[in-house]
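**Student:** Got chain A; can you put chain B on it based on the hints?
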Amino acid sequence: MTSSTWFKILIALTLGITAGVIYGWVIDPIEYTDITPNLLRDDFRADYVLMVAEANQMEQDSETAARRLAILGSDSPVQIVTSTLDFAIKNNFTQNDVLLLQGLLTAMQTYQPQAINGP
Amino acid sequence: MRLFLRNATLHLVLALLIGLGLGLAYSWLIAPVTYVDANPAILRADFKDQYRNVIAASYAASHDLARARARINLLSDTDPVGELSAQAQRMLSAGEPFARVQSLAQLATDLQQGFVTILIPGTPFIAVINTPTLETPFNAQETLITPSEFIELTFAPTSSFEQTPFAPQSIFTPTPRPTYTLIPPQGAPFSLVAQEPVCDPNLLPGLLQITLLDERRRQVSGIEIIVTWAAGDDRFFTGFKPELGNGYADFVMQADTIYSVRVERGGSLVPNISAPTCTDPNGVNYIGGLLLTFQQT
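Quick mapping for you: the protein sequence lines, in order, are chains A and B. 1 is the number of the first residue of the first sequence in the numbering used here; add one for each residue after it. 120 is the number of the first residue of the second sequence in the numbering used here; add one for each residue after it.
Check each hint, because a few of them may be wrong.
What the hints assert, rightly or not - Here are the in silico distance ranges between beta carbons for each label pair:
no., chain 1, residue 1, chain 2, residue 2, range
1, B, D196, A, I30, 20 to 28 Å
2, B, L410, A, R41, 43 to 51 Å
3, B, N321, A, A70, 57 to 65 Å
Stated by the list, open to error - Pulled a few chain B residues facing chain A out of the computed Cβ check, cut under 8 Å:
no., residue
4, H130
5, G140
6, W147
7, I161
8, A179
Hints listed in this document are in silico derivations from the structure and should not be mistaken for laboratory results. Positions of the beta carbon are idealized from the N, C-alpha and C atoms, including for glycine.
So here's chain A without its partners, still in its complex pose:
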């Protein structure tokens, strides 16, 4: 085969790869189901943390609040609430919501996980 033929084959190969990637990334990307909460969009995460704050205001149970926050990822509860508080302030959450988040942040800052008794 001539070099011209090889060049055409290379062009065809490149076109094929490009088409395949476009199809796989844009036209028919993998659809995820059964995701974990750490992949939630920022506003949904913030709303989830706000719910935890609302519940914690009544329950006053830092252990439960920390456990509920833990499903949002490997960050510490304090980090999760702090970033949510930033998001809430930037996005003009109501003062009441911000107060609730601040209350949760205080609770998480003072919260100490109970030690597991070993054998």
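**Tutor:** Chain B alone, transformed into the frame defined by chain A:
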């Protein structure tokens, strides 16, 4: 073979197909689209349960039904009330304490009936009734929570911030002020007012259906019922099947077993309860059910 080797068109097509395959392998297997910014509707089932729990706990604190409904709708359940009830029953079956399950049941009940029922332990039930038109409509198509939505949904009670610590806590819904209706006075005992056999072959054999009513004949949820028999006992609560009524609960009796039923809150024991025998139009006997109605006196 020689023809193949010499046919440039075939070479090009083959190269294109190989490239396509490589591209798909790369985009689907090696570096698939990384999923971020997901919505709660595609959470794994156990995380959805956790999400519902937190919604219910939040609702128990805020009594903001519109906001709770909007949050529940984010999960895109086909039957949100049914899902809440089913989860409550799963949790009870798993031995979770009733206090933890109660918020789910309360949210299911309130979503079903469309107004806020506030259950404060140790105090009478208080129903805060909103006119349905006051409720913020939720657009099921809308999944983006924007700050403006939060502003619209800021019906969260602020009374806890405004009250003195010693004042008895009262809970408010959005303005205009709701109508407060006292449902049952605490401790008023439930008495059996009706006992009817239910001969319906479509129902479970031996189904014991119980309905609790207050003095005004409104159904009462969250009341424990104790059924005992020679070999054991069972406890369950009204309100876990809001589609059948907020004061409804049921239990499946075995044939030839005698039960006693007692409503936990000051109710007297109703002895000698058993599944009746019914006869269908063809003259065939089958085990029927029983409907007990208790009312506060």
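**Student:** Now, for every hint given, state plainly whether the structure supports it.
**Tutor:** Each hint tested on the structure:
Between D196(B) and I30(A), the C-beta spacing of about 24 Å keeps the proposed range 20 to 28 Å intact. For L410(B) and R41(A), the hinted distance range of 43 to 51 Å is satisfied, since their beta carbons lie about 48 Å from each other. Taking 57 to 65 Å as the suggested C-beta distance range, the pair N321(B) and A70(A) does not conform, at roughly 46 Å. The beta carbon of H130(B) comes within 5 Å of a beta carbon in chain A, closer than 8 Å, and the hint placing it at the interface holds.
Taken as an interface hint, G140(B) checks out: its beta carbon lies about 7 Å from the nearest beta carbon of chain A, inside 8 Å. Hint status for W147(B) relative to chain A: holds, with the closest Cβ pair at about 5 Å, below 8 Å. Evaluation of the I161(B) hint against chain A yields a held restraint, the C-beta minimum of about 5 Å falling below 8 Å. Hint status for A179(B): holds, given a least beta-carbon distance of 7 Å to chain A, under 8 Å.
In summary, the one numbered hint that this structure violates is 3.
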